[in-house]
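Peer 1: My request is simple: use the sequences and hints to build the entire structure.
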Amino acid sequence: MNLILLILAGIFVNNYVLSQFLGICPFLGVSRKVETAAGMGMAVIFVMSLAAAVAWLVYALILVPLHITYLYNIAFILVIASLVQFVEMFLKKAAPALYQALGVFLPLITTNCAVLGVAVLNMQKGYNFIEAVLNGFGGATGFALAIVLFAGIRERIADNDTPKAFDGFPLALLTAGLMSIAFLGFSGLIKL
Amino acid sequence: MDIYNIINPILSIGGLGVVFGAGLGIAGEVFKVEEDPKIGEILEVLPGANCGGCGFPGCGGLAAAIASGNAPVNGCPVGGAAVAEKVGAIMGIEASASEPVAAFVKCGGTCEKAKEKYEYFGIDDCNMAVQLAGGGGKSCSYGCLGLGSCVKACAFDAIHIVDGIAVVDKDKCVACGKCVDACPKHLIELLPSKKKVKVQCSSKDIGKNVMQVCSVGCIACKICEKNCPFDAIHVIDNLAVIDYDKCKSCGICANKCPKNVITGKRPTPPAQAAPKAEAPKAEAPKAEAPAKEEAKSE
Chain H
1 MNLILLILAG
11 IFVNNYVLSQ
21 FLGICPFLGV
31 SRKVETAAGM
41 GMAVIFVMSL
51 AAAVAWLVYA
61 LILVPLHITY
71 LYNIAFILVI
81 ASLVQFVEMF
91 LKKAAPALYQ
101 ALGVFLPLIT
111 TNCAVLGVAV
121 LNMQKGYNFI
131 EAVLNGFGGA
141 TGFALAIVLF
151 AGIRERIADN
161 DTPKAFDGFP
171 LALLTAGLMS
181 IAFLGFSGLI
191 KL
Chain C
1 MDIYNIINPI
11 LSIGGLGVVF
21 GAGLGIAGEV
31 FKVEEDPKIG
41 EILEVLPGAN
51 CGGCGFPGCG
61 GLAAAIASGN
71 APVNGCPVGG
81 AAVAEKVGAI
91 MGIEASASEP
101 VAAFVKCGGT
111 CEKAKEKYEY
121 FGIDDCNMAV
131 QLAGGGGKSC
141 SYGCLGLGSC
151 VKACAFDAIH
161 IVDGIAVVDK
171 DKCVACGKCV
181 DACPKHLIEL
191 LPSKKKVKVQ
201 CSSKDIGKNV
211 MQVCSVGCIA
221 CKICEKNCPF
231 DAIHVIDNLA
241 VIDYDKCKSC
251 GICANKCPKN
261 VITGKRPTPP
271 AQAAPKAEAP
281 KAEAPKAEAP
291 AKEEAKSE
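In order, the protein sequence lines correspond to chains H and C.
Taking my numbering, the leading residue of the first sequence gets 1, the next gets one more, and so forth.
Taking my numbering, the leading residue of the second sequence gets 1, the next gets one more, and so forth.
Warning: the hint list may mix true and false statements.
What the hints assert, rightly or not - List time: in silico DSS-like cross-link candidates among lysine-lysine, alpha-carbon distance up to 27 angstroms:
no., chain 1, residue 1, chain 2, residue 2
1, H, K92, C, K38
2, C, K152, H, K33
3, C, K248, C, K226
Stated by the list, open to error - Okay, the calculated bits of chain H under chain C, using three or more residues with CB under 8 angstroms as the criterion:
no., segment
4, 129-136
5, 156-168
By construction, these hints were calculated from the structure, which means they are not laboratory data.
By construction, the Cβ of each residue, glycine as well, lies at the ideal position given by its N, Cα and C atoms.
Peer 2: Here it is, written out as structure tokens:
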């Protein structure tokens with residue numbers, strides 16, 4: 001039960017984008033169309049779950065025994081960067097269809113700080129392996145949900161006449177702010 | 001101070017780096033995907049605009065399709081003959097030059113010439129307006145709404161709303177076909193850019209109804225059909241349609257059209273304007289004579 005709550009908390013209550021303000025760069029960058037936003041969301045779900053698992057393993061099996069946990073940032077960045085590269089190569093060979101679908105978003109995830117955020121938060125909260133992976137999955141699903149909703153709203157806005165001064169990013173930022181306020185309604189729903 | 005405090009981090013993080021690096025190196029070999037070297041070469045010569053005009057997802061998609069033989073070497077409508085030749089050289093095939101085409105908006109109903117049913121204040125998008133009663137604000141249900149869905153679709157800044165209708169800038173148009181898909185009224189067509197005569201109307205209404213809503217609409221009078229020396233223009237479903245395989249761009253139909261629906265008018269008489277008249281031009285005055293008689297008899 002707790003594990004399901006953990007996923008739900010990752011999606012709604014502790015939404016990485018709208019509550020914790022991580023991963024804003026791809027959130028604003030690839031949210032012009034619902035289609036691309038969904039692609040990015042899928043890629044993030046895939047990589048973030050994997051990254052959470054591998055980062056947890058590196059932390060528990062290498063950093064803790066050697067008493068060098070203060071190096072976690074460097075270690076996690078190393079893990080995520082090479083993991084993304086590896087996943088890209090693997091998919092290209094093993095699942096070309098999926099590789100085509102995720103396309104350019106896969107390498108872009110290297111720069112998504114939400115992925116690093118998940119690894120760091122898992123460590124700080126002392127989650128065990130399963131909790132860590134589920135937290136990564138839930139958080140990434142939350143990211144995908146947020147970016148798809150956001151892209152839907154931006155598509156609608158793009159069809160309308162907007163004041164020149166607000167065109168483009170100003171409106172996107174306002175929209176993101178309003179969405180964030182809306183997601184504030186979930187806070188306190190699940191306490192972990 | 002424990003020497004291991006220094007050695008451990010160096011070895012472990014350095015070790016991780018080496019392991020991951022080596023892992024990626026091995027993975028790169030193991031998961032190597034055999035790619036046709038031609039794909040890269042073709043991609044080099046393609047324009048790289050990723051407009052999707054060829055029907056493939058971007059230039060990369062077309063390059064892969066050409067290399068595997070699923071697309072012709074002249075598959076890129078943007079690059080035209082020049083690119084087709086280069087791609088053909090890579091593939092070892094003679095490129096058959098495709099005739100250059102450009103988008104053309106088949107409506108001339110500008111603000112003064114066509115009437116409005118009502119003033120439209122909705123979302124600035126043809127696809128939205130067309131869902132309303134009567135298919136948008138224009139009195140002519142076939143006409144250009146002028147809300148610019150095609151303008152938004154164009155990646156090359158080649159189509160603009162001028163005086164209430166979409167107008168294509170021929171010099172900028174690369175014939176990618178995006179606007180053709182974007183227009184909910186299906187007004188835009190890719191037509192041979194060398195041909196001067198084009199019917200600038202899409203109305204299939206009968207002549208009387210067309211006259212009520214637009215001063216430059218095709219009224220299906222068939223004067224063009226009767227005057228064409230090449231049997232290249234016909235009125236089908238109350239609308240003049242040009243067969244570009246037969247059309248020689250003589251411009252007779254444009255000069256004869258009582259509603260000025262057909263573009264490509266020539267200064268009359270053609271023989272005086274161009275003393276060294278070519279064959280089709282020379283035929284023009286001859287064809288005019290019987291046409292006048294016919295018009296009178298009608």
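Peer 1: Please list, smallest to largest, the hint numbers that this structure does not respect.
Peer 2: 4
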